[in-house]
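*Asks:* Make the full structure from the sequences, and use the hints.
Next come the chains, spelled out residue by residue.
There are 2 protein chains.
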Amino acid sequence: MQSELTADIEPIRFVGQTDGTLELLDQTRLPVELTVIRCSDVETVWEAIKKLRVRGAPAIGIAAAYGVVVGLQTVGDEDAAAFWKRLDEVTDYLAGSRPTAVNLFWALDRMKRVAHQLRDAGQSIAEIRTALVAEAKTIHAEDRDTCRAIGRHGADELKGAANFLTHCNAGGLATAEYGTALAVFFTLQDDGKDLHVFVDETRPLLQGARLTAWELAQRKIRATLICDSMAAQVMREGRVDAIVTGADRIAANGDSANKIGTYSLAVLAKAHGIPFYIAAPISTFDMAIDSGDEIPIEERASEEITHGFGKQTAPEGIGVYNPAFDVTPAELIQGIITERGVISPVTTEMVAKMFAAE
Amino acid sequence: MQSELTADIEPIRFVGQTDGTLELLDQTRLPVELTVIRCSDVETVWEAIKKLRVRGAPAIGIAAAYGVVVGLQTVGDEDAAAFWKRLDEVTDYLAGSRPTAVNLFWALDRMKRVAHQLRDAGQSIAEIRTALVAEAKTIHAEDRDTCRAIGRHGADELKGAANFLTHCNAGGLATAEYGTALAVFFTLQDDGKDLHVFVDETRPLLQGARLTAWELAQRKIRATLICDSMAAQVMREGRVDAIVTGADRIAANGDSANKIGTYSLAVLAKAHGIPFYIAAPISTFDMAIDSGDEIPIEERASEEITHGFGKQTAPEGIGVYNPAFDVTPAELIQGIITERGVISPVTTEMVAKMFAAE
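If you read the sequences in order, they're chains A and B. With the first sequence counted from 1, adding 84 to any position gets you my numbering. With the second sequence counted from 1, adding 84 to any position gets you my numbering.
Please note that the accuracy of each hint is not assured.
Put simply, identical chains are the same to the list, so a pair is met inside one copy or across any two.
The list that follows gives simulated cross-link-like pairs (lysine-lysine, DSBU-like), each with its CA atoms no further than 35 Å apart [stated by the list, open to error]: (1) Lys354 <-> Lys221; (2) Lys395 <-> Lys135; (3) Lys437 <-> Lys277; (4) Lys437 <-> Lys304; (5) Lys169 <-> Lys395; (6) Lys243 <-> Lys134; (7) Lys134 <-> Lys395; (8) Lys134 <-> Lys354; (9) Lys135 <-> Lys437; (10) Lys243 <-> Lys354; (11) Lys304 <-> Lys169; (12) Lys304 <-> Lys395; (13) Lys354 <-> Lys196; (14) Lys437 <-> Lys221; (15) Lys437 <-> Lys134.
Hints listed in this document are in silico derivations from the structure and should not be mistaken for laboratory results.
*Replies:* Here it is in structure tokens:
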């Protein structure tokens, strides 16, 4: 069930209440086609997560929470045993869609916990069902608020800048609405600022070209796509006031793992005297690891480089190194923009202070 | 007329004498297919240059010189007027194949000059025809010698290094046999050194992935393909002792224009304490320009980035910046490896000294 979206694009939208439908923007079709998947059964949600039609840790968690609501629609309110059996079925099933996605398990656990608490409190199946819709909407709203707060703090920090560069996609497609790095740009725009953003295409999977360029164009922010190797040149030309990227995991000392190529940008930024920022929610911090040295670098399939988009562009059997991430050391980061404020300078002490704040 | 090449690959080969045939390795088919174009008429040579089946300034000059020989085969030795008319026809025709290729005009002029000198000296058409084959072979041999000498000087300079990184394609495919940057690696291998080379894929046109990776694999040099954005990461991992690239144009002070991404590598190399070298023949120096500031940066079509794999990967109408080259300032270059020796430190005085040497 797919159709054209015309205006007011939201990557994740739940329409209705307990009998509602989850609508997901199919990110695998972007930027060439704008297709919405209407999920009125849990299998469609599962497939969308599995096939990366919805991607980004927060977005996956939100989709899974709504997926629970949709999955429970196959059983009525009158048969409690069937309802509880179905809840286990649905959450187990969705948990198998992307076995390494932490936000997925977190959201499913949260939905189950709410259901069990209300059962223990003697509420009816109908009441529990209503509460689950509310809980999914709360997860969605919390993420929206987090992104908005990151955007607000970032825009305040960077109100003197107008020319930006970003890498990969830390935008609304990966989260609810505003994203993390892109939230800074969206908020500056809301503040009436005329800004320009260079977008690294982000090889090998081109999230910058496919997703970030699309999001910026969608919001009519002036954007220029470049190859990753051109970032140094635009810095040298004096066309970048600040660099902002997202992060996948941040150590207790502020060392930040993000899409491969981020470290390169941070080194180049320093050489050109340009401040480099990370924008990420507090949930990205892994306080159990002291520094980035403890973050393992995932290597991905060589075909992502040798067969970009289905066409062979390198000789058969050539050796390939394809690290998915790199780690930018804290000393290269001017500030980490969180929903609680900006951590700057980036030190173990300052991270601990922000982490402890509410 | 195409067939499989099996062993002992030479990108440009002339088989026979005045009635000979030019064989060109079709670089547009690499690395997936190994196809040789047999040129027994000048139209096939013209098409090969035009369609980039043969590319790289020296290689184009060599192909054009042999193209003159092939083109003259349509007229016999008995009709002098027809011969001279045909010589003009053929050289004008070939000159139109790539109107911006300086080596092309240089080689064609050199062939015509030899013919006219011998005519003035009273030689017969048959003798002139034989001399033209010899002249084309001399152009070819001179370039081979230049590349070999660059390789020798580079291998002496870098004999303490084993782990390299290179960008784009400065190899045998662009020249006769050994190339420039790759000549250093080939010569180190000839010296019995066990070396490893990281190859930047070199977006947008992927010359590293398509050509350099292929050339190194062909010679069984251990090579690992990476995306351009991964170069900083392999430097940080301590896996690069030196970086060597080619150059397209070098100013009198040593500032070097080369494929976009080269400047980025030079900045990253400095930050990691890794020496960065340029390998290029003396003919690459443009002594008429004092510094790199005077080198205009060519911008190429946006489709190279937005439709890079024959597939649209960026939103319709997005702004694109696609500089073909960047300029690496002399102070970031440890040495420029030429056929006459290594210029180091890279200063206006040292460049002038090497330029004046024989």
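*Asks:* Quick one: Lys437 to Lys277, C-alpha cut-off 35 Å, is that within a copy, between copies, both, or neither?
*Replies:* within (31 Å within a copy, 53 Å between copies)
*Asks:* Checking an output row: Lys437 and Lys134, CA cutoff 35 Å. Within, between, both or neither?
*Replies:* For Lys437 and Lys134, neither the intra-copy (37 Å) nor the inter-copy (64 Å) Cα distance is at most 35 Å.
*Asks:* At 35 Å max between alpha carbons, let me know whether Lys437 reaches Lys304 within a copy, between copies, both or neither.
*Replies:* Classified as neither; 37 Å inside a copy, 54 Å across copies.
*Asks:* With identical chains treated as interchangeable, where does the CA-CA distance between Lys304 and Lys169 reach 35 Å or less: within a copy, between copies, both, or neither?
*Replies:* neither (48 Å within a copy, 60 Å between copies)
*Asks:* With identical chains treated as interchangeable, where does the CA-CA distance between Lys437 and Lys221 reach 35 Å or less: within a copy, between copies, both, or neither?
*Replies:* within (30 Å within a copy, 73 Å between copies)
*Asks:* 35 Å Cα cut-off: does Lys354 pair with Lys196 within a copy, between copies, both or neither?
*Replies:* neither (47 Å within a copy, 54 Å between copies)
*Asks:* At most 35 Å between C-alpha atoms: does Lys134 with Lys354 qualify within a copy, between copies, both, or neither?
*Replies:* Classified as neither; 39 Å inside a copy, 43 Å across copies.
*Asks:* Should Lys169 paired with Lys395 be assigned to within, between, both, or neither, using CA atoms and 35 Å as the limit?
*Replies:* neither (46 Å within a copy, 46 Å between copies)
*Asks:* Given a CA cutoff of 35 Å, do Lys135 and Lys437 count as a within-copy pair, a between-copy pair, both, or neither?
*Replies:* neither (39 Å within a copy, 62 Å between copies)
*Asks:* With identical chains, the pair Lys395 and Lys135 could be close in the same copy or across copies; at 35 Å between alpha carbons, which is it: within, between, both, or neither?
*Replies:* Cα proximity of Lys395 and Lys135: in one copy and across copies (20 Å, 20 Å).
*Asks:* Can you give me the call for Lys354 and Lys221, within, between, both or neither, at a CA distance of at most 35 Å?
*Replies:* neither (42 Å within a copy, 50 Å between copies)
*Asks:* Given a CA cutoff of 35 Å, do Lys243 and Lys134 count as a within-copy pair, a between-copy pair, both, or neither?
*Replies:* Neither way: Lys243 and Lys134 sit 39 Å apart in one copy and 51 Å across, limit 35 Å.
The structure shown violates the earlier hints numbered 1, 4, 5, 6, 8, 9, 11, 13 and 15.
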